[in-house]
Amino acid sequence: VNLLTRNMSGMAGPVASIIERKLTDMLKPSHLQIINESYMHSVPKNSETHFKVVVVSESFTDKKPLARHRLVNDVLKEELSSGVHALSINAFTPEQWDKGRQVDKSPNCMGGF
Amino acid sequence: SAKNCLTLFRNIRMCRLAVPAVRSVLMNPALNSNIICRLPSATSQQLGRHFSSEARDIQKEIGDLVNKEKVVVFMKGVPSEPRCGFSNAVVQIMRMHGVKYDAHNVLADEEIRQGIKDFSNWPTIPQVYIEGEFIGGCDILLQMHQTGELVEELQKVGIKSALLGEEEEKK
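As given, the protein sequences belong to chains D and U, one line each in that order.
Counting in this note's numbering, the final residue of the first sequence is number 153, and the numbers go up one at a time with none missing.
Counting in this note's numbering, the final residue of the second sequence is number 328, and the numbers go up one at a time with none missing.
I should point out that these hints are in silico values taken from the structure, not numbers from a laboratory.
The structure displayed is predicted, hence computed values, not measured ones.
Keep in mind that a hint or two might mislead.
Claimed, not checked - So the derived list for chain U, only partly shown, Cβ under 8 angstroms to chain D, looks like this:
#1 LYS233
#2 ALA246
#3 LEU264
#4 LEU299
Stated by the list, open to error - Taking lysine-lysine pairs in the BS3-like style, the calculated list, with each CA pair at most 27 angstroms apart, reads:
#5 LYS103/D with LYS117/D
#6 LYS104/D with LYS313/U
#7 LYS217/U with LYS257/U
#8 LYS313/U with LYS227/U
#9 LYS103/D with LYS62/D
#10 LYS257/U with LYS227/U
#11 LYS217/U with LYS117/D
#12 LYS85/D with LYS62/D
#13 LYS225/U with LYS313/U
#14 LYS317/U with LYS104/D
#15 LYS104/D with LYS274/U
#16 LYS274/U with LYS62/D
#17 LYS274/U with LYS145/D
#18 LYS227/U with LYS103/D
#19 LYS274/U with LYS117/D
#20 LYS103/D with LYS274/U
#21 LYS257/U with LYS104/D
#22 LYS317/U with LYS225/U
#23 LYS274/U with LYS257/U
#24 LYS103/D with LYS313/U
#25 LYS227/U with LYS104/D
Claimed, not checked - Some residues of chain D that are not near chain U, with every Cβ distance over 12 angstroms (derived):
#26 ALA52
#27 ASP102
#28 GLU135
We put the CB at the ideal spot given by N, CA and C, even for glycine.
The following block holds chain U by itself, in its conformation from the complex (with noise of 0.2 angstroms):
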């Protein structure tokens, strides 16, 4: 279809291979579901990371994830909306912390939602990250509100919570 063919097009130009050649061949549909026997071995190689499964590498991705924000959730639902009890309780306490974080939606992401279970072995959702460190779950995090130990933990990271500011006008 057209569409695949764009789609092996583009790929095909981030792999920056030598283009004219291959685009002659592309830009043929005829050519299309053929495409990967005809070229050269090295060039379909390269090719085949690309097409033949669109496989992500879902621990680098949630590697990355973990570490482009210094908190980050992985939830059902998202903060405004979210689909868990559980889930719910986390993003309450961030927001009784004004924790500016990043979410991640596992119900929208099946490799994602298992992907996380694999990389911080650890079974459930929600899970909690800071500076990308794997600080627990929801009994945890509520753990650590109710003992002053998540106040603590914001700070060693330079985030001040809104608590504090609380004490501080109540004083």
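Just chain D, with the same shape it has in the complex (with noise of 0.2 angstroms):
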């Protein structure tokens, strides 16, 4: 299943679609869920610079969190140079996330940039 935020026209924008290409075509995950929090941030409306991303994907078998999140940092390093300015990642396989592990809820902005 995967899940895109869309705007209120219904659209995902730009960089979301690229996300959810290339983490599907790495990382083959079974789950997907791709959230622009820009909004959340001291951005312009409609920004795409700050993302969550929860991927659940057997490539993240016996890797220890840093090793799961440099995997999907390294898929989406074009977008991370570029406009991406934060990501938030939530890396399982397919067993922790059939146990129910928790996705966190990310902190407020605090002004800077």
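Make the complex out of the two chains shown on their own, each in a separate frame, by following the hints.
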């Protein structure tokens, strides 16, 4: 199941779409959620600068959290060196996800950029 | 300007060059802007490094910073006033565990801000180091805090988490 945040007209932004495609192609996730959290930060409306991704994939098996995050960072290398300014990653194996791992709530913006 | 002259002189002192001959040249403000050209080539090469760009060796600087203290955090803002929710999350976790750490405000230093991303090969801020080793960002620290792994990691480097003390008191 892929879930993508969509704006008022039901469109996912271009960056969000690219993120979805890349993560799907490279990590073959059983569950993928891409949430544009830019609205929580001091950036213009419709920005695509802050994202949260929830990725459930076998690719993460036997990998420590840091290694999982580096894997995701690597897939999204281009986005992270251009417009995407913050990326919150929740990376689980299918086993962990089925056991009911919680996705943490992102903290509030505190003004800086 | 007089200020440039003073900086020049101080830098030359640091280079431990033959000062007397150089000093008389430097103390004349009129020669200030032409100094590099007028000195012997070997000397001007050594000086060039200090005057032309004042280039910092950022990677070396960061390498020193991450080893200066057991726990080092690169963040936006300062612990008493974080300028980012993710950085604040790290500060709060450290506070809960009673960890003493060095904090570096990347908003105050653009070269460090980019440099630390290259150094760690990690694209975002905040970044946490324990004993010179990159641990992760906010997500990872939060996860480690929730699973108890952070207490273990701190213990490994001789830091007793304040949360451990609380557990013992409850028993």
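Failing hints, ascending? none
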